[in-house]
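Novice: Start from the sequences and build out the full structure, keeping to the hints where you can.
2 protein chains.
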Amino acid sequence: MNQDVKPRAVVLVSGGLDSATCLAMARAQGFDCYALSFDYGQRHMAELEAAQQVARALGAVDHKVVHLNLRDIGGSALTDQSIDVPTTPTCGIPVTYVPARNTVFLSLALGWSEVIGAQDIFIGVNAVDYSGYPDCRPEFIKSFEQTANLATKAGVEGKSFHIHAPLIDLTKAQIIQAGVRLGVDYGLTVSCYSADEKGRACGECDSCRLRAEGFITAGVSDPTPYLKGA
Amino acid sequence: MNQDVKPRAVVLVSGGLDSATCLAMARAQGFDCYALSFDYGQRHMAELEAAQQVARALGAVDHKVVHLNLRDIGGSALTDQSIDVPTTPTCGIPVTYVPARNTVFLSLALGWSEVIGAQDIFIGVNAVDYSGYPDCRPEFIKSFEQTANLATKAGVEGKSFHIHAPLIDLTKAQIIQAGVRLGVDYGLTVSCYSADEKGRACGECDSCRLRAEGFITAGVSDPTPYLKGA
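Chains as they are written, first to last, in our numbering: chain A, 973 to 1202; chain B, 973 to 1202.
Do not rely on the hints blindly, as some may be mistaken.
You can't tell identical chains apart in this list, so a pair holds if it fits in one copy or across any two.
As the list claims (entries may be wrong) - Heads up, simulated BS3-like pairs for lysine-lysine below, C-alpha to C-alpha not over 30 angstroms straight-line:
id	residue 1	residue 2
1	K1036	K1200
2	K978	K1170
3	K1114	K1125
4	K978	K1131
5	K1036	K978
6	K1125	K1170
7	K1200	K1131
8	K978	K1114
9	K1036	K1170
10	K1200	K978
11	K1114	K1170
12	K1200	K1114
13	K1114	K1131
14	K1131	K1036
15	K1200	K1170
16	K1170	K1131
17	K1125	K978
18	K1036	K1125
Derived by calculation from the structure, the hints in this document are not laboratory data.
Specialist: This is the structure:
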């Protein structure tokens, strides 16, 4: 196969389970994958180290970490030390919601896409997040795609951008099953909102609960190192 | 007048002529203005110092500088030292276009708006830029507004965001005339793409040419310290 003819895609890779699966799917669809992560003032750096390992393991041709301090803006338990990460289920939009995060991340993915001549961007949002985070909904993704085509030189020149959200209708268990088929090593990924510096998961936050339940439902053994619970 | 009842607006302030005028207009419309600037790897810092002075002079209640290295992404003469800033007029989209810049900046303005409870964002894009930069067009602004309302907790809760682009249909001369009426001190602003460390303008780049012609057409004396030309 001629490597030169592969189209390029920018894939948002957080170091978590969903984006790792998304990267594996983009590769399986025949894209040369350019992984993009953000150092945005997360509580822990284990996530970014996981992103590097995931990008390497899944054959990304490049991996870029953009520094962007969302702590400057504040407003979320994930970036603001004064807001606690909840350990019991909450109703409505959770405090771990980072204002406009996916809009910011997709915008930067769009910028990088233009520079490298990619017209495809992959983001691992899914149906479970959809219930809580507004920027994980299909109507948001569709609207961002329209904005992207109006925003860019490439769009003006008639090259359409496509925002792929291949996990959007999948349950956590279906995501895990798809990833296992594509050879994703979930032992490399970190989903926990409060992981320690070694990437060990708290076992108590929303994200840990969803992940643990996903492995059980999928019938796949869970490689996650939990500190307690889950 | 009761300060407490004023609605809040986030205003993108670059340190240039257009955004200073935009800030003056937002204040004149009765908003408490939260100025937002970006340290995005510009060639010179004079622009950011000008942004601080402009925000202070025009009564912004807060001014935030978000650090975001667009050099990580590259692709523009404004952020990539290997691409020269042109000194003669060019056709089509200029090399000073920064991929997806306004999308990125508006996304971060959206995030801050949510945190401070603002529903109004002002951006100083105008008709002159419109001819060259895709993300200065009215259809882009409208599309971003729709995306913003789908992207956010506030949008889901029925609080609409409004993206104001009050300069969009104005010529440079009309912008200057409006700013002068609102008391903008254009001596504080820096428009040049290649200003020196003291904020002195090259007098030769597209931005300098547009600015100098604007003052002449407006019949307003030009306070810009040009190094040559203009």
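Novice: For a quick check of understanding: which of the numbered hints are violated here, in increasing order?
Specialist: Hints 1, 2, 6, 7, 10, 11, 12, 16 not satisfied by this model.
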